[in-house]
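Q: Here the structure of chain A is known, so what remains is to put chain B in place on it, guided by the hints.
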Amino acid sequence: MAKVFIYPVNSLILSDLVERFEHKPLTMMNQVREKVTNISLDSPPINITPEDPKIGLRYAAVEVPAGVRGRMSLIGPLIEETEAAIIVENPPANFGCVGCNRTNELMKYLVRDKGVPVLEVKYPESDEDARDFVNKIAAFLESLPEEKPDEDEKPVDEEPAEKEAEE
Amino acid sequence: MSAEESGLVKIALVSCGSEYAGVQPEFEAAAARVDAKFIYPEIDIASIDTIGKDFGLEVASGDLRLMMARAKAVVEGTTKVDGVFITTCFRCAEGAIVRNEVRRYIHKHSEIPVISYSFTERTSAGTLLTRLEALTTIARRRHLLAREVQTGLTAGIDSGSTTTKAVVMRDNKIIGKGWVPTTKVLESADEAYSQALKEAGVAREEVQALGTTGYGRFLIGNHFNAQLIQEEITVNSKGAVYLAGRQKGSATVIDIGGMDNKAISVEDGIPGMFTMGGICAGASGRFFEMISKRLGVEITELGALAVKGMQENVNMNSYCIVFGIQSLVNSLAKGATPEDVAAAACYSVVEQIYEQQLQEVDVKEPLILVGGSSLIEGVPKALGDLLKIEVLVPENSHMIGAVGAALLASGYVEE
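For the protein sequence lines, the chains are A and B, in the order given.
Counting from 1 along the first sequence, just add 172 to a position and that's the residue number in the numbering used here.
Counting from 1 along the second sequence, just add 1048 to a position and that's the residue number in the numbering used here.
Pulled out of the complex, with its shape left as it was, chain A reads as follows (with noise of 0.2 Å):
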């Protein structure tokens, strides 16, 4: 089972995809349940306190706005767990939206940059696109292993890196 980012980070309809092949989807839902379900928290609808957008520094300097922080205060551990990703392009609002393309901008690039496997799609137009689109989902969770690797198994590439910088 891999732990799946996807974008957008609140789409019930890529949760489910995820789920059906049995990996587990990283999702804004969690977190938002996490924060509302705390009762030691009042701060309605979603409980984002003064020190959420604190924790955002961690991902965007200071001078970015508090809105982007205090997302990114949800999104962000999430990318740290991600172990593989699906971008979709260009959907509309009811496919999914955390609202504000700043967040975004800076999500997409972090869980880019992380170097885990990432599929990109754009959100199809015709009922064909719509057939391939759920196609190249379904062939890249299939591509996901199954169990994650044991702690002790180390990755086959870390020792050539090795050799190259001792070169």
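Calculated from the structure, these hints are not laboratory results.
Among the hints, erroneous ones may be present.
[Stated by the list, open to error] DMTMM-like, lysine to aspartate or glutamate: derived pairs with alpha carbons at most 20 Å apart:
#1 B/Lys1128 <-> B/Glu1159
#2 A/Lys294 <-> A/Asp188
#3 A/Lys294 <-> B/Asp1097
#4 A/Lys226 <-> B/Glu1067
#5 A/Lys280 <-> B/Glu1142
#6 A/Lys207 <-> B/Glu1067
[Claimed, not checked] Taking CB as the label site, the calculated pair distances span:
#7 B/Arg1081 <-> A/Pro217: 17 to 23 Å
#8 A/Gly287 <-> B/Thr1098: 36 to 42 Å
#9 A/Val306 <-> B/Asp1097: 20 to 26 Å
#10 B/Gly1125 <-> A/Ala302: 34 to 40 Å
#11 A/Glu318 <-> B/Asp1102: 44 to 50 Å
#12 A/Pro317 <-> B/Gly1125: 55 to 61 Å
#13 B/Asp1102 <-> A/Pro217: 25 to 31 Å
[Stated by the list, open to error] Computed, partial: chain A to chain B, Cβ under 8 Å:
#14 Ser215
#15 Glu235
#16 Ala238
#17 Cys269
#18 Cys272
We put the CB at the ideal spot given by N, CA and C, even for glycine.
A: Okay, now just chain B, sitting in the frame of chain A:
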């Protein structure tokens, strides 16, 4: 049922997602204090994808498109509200563009009062209180704001951050004035009020109604059992058009106070759009106090110096109250005259107000300049030079809050 009848004012919150910035509880707390409730105009989610073309402003962020869709719902009456609070993140260019255009759109297509604000995670309920109080007053007390003539024997006290002003009025005339520096809020108010009563020759018991305004309005209003305790946006705009004799039609009021400034667009004596600056002291009366001290002149002499100087002779590279004053003092060492420095100080304050506040209100003539800083002659001159329009400074312009409070308090004499 109107806001006036129900007491509860419904304010549409049109924001870029303030719930993600940690400020939502502060918004809610400020609204609760003025007996208002935020509502979220309902829209069809599919409209978020098309609103850019409909509205004419195409932006990438979904919540900014949601703001436009909600503004449209308010203007078209799909959602009934008494006021609109438009707010986006501080430092977001895309948000600032949408905030300004949505504000203009609502103002152009409806009579609904609107305020706009850019927030950080540090925005507090206290910061928003005066703004929301003004917004709810416009919705709730239009009948009171329609008052154009002072009747009976009334008084007004303006407890400002720097000075406390008091006036006593009888039958539409100022008959007593008091003006003291604010030290201890209650004692300063008592002293200013006593001065005004003494000059008027009346006893405190004879005053039929009292109004209070300014930073200390709640404290002194409760202490003196005032009939009216009111924030300074509505009081000052009322006082300004009353003293300037421009109660009918459009006007713009700029109030440069000791700690903050207000720019208010007024229509028939009732404020429409307004902004309050309060982040930087470099654009306030405090700047004039400090530069007077560095020049070794009384603040009352600064204006006369400024009108004789040329601000162009001084290289000022910061608006900051610390670095800006350092620039002014350094220029003295390079040969600038105190007159030039005084002129540059006036220009600096006015330029900041122009750049940071006047962009958010539609400047319509007459431009009425009030507040203690309006008495520094260099200030109206610099403002007139910058805007290329005539600036009106009414008599007793520094007493604007106290006069506005006494005028509005007379509404309680008849009641």
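Q: Give me the numbers of the hints this structure contradicts, sorted from smallest to largest.
A: none
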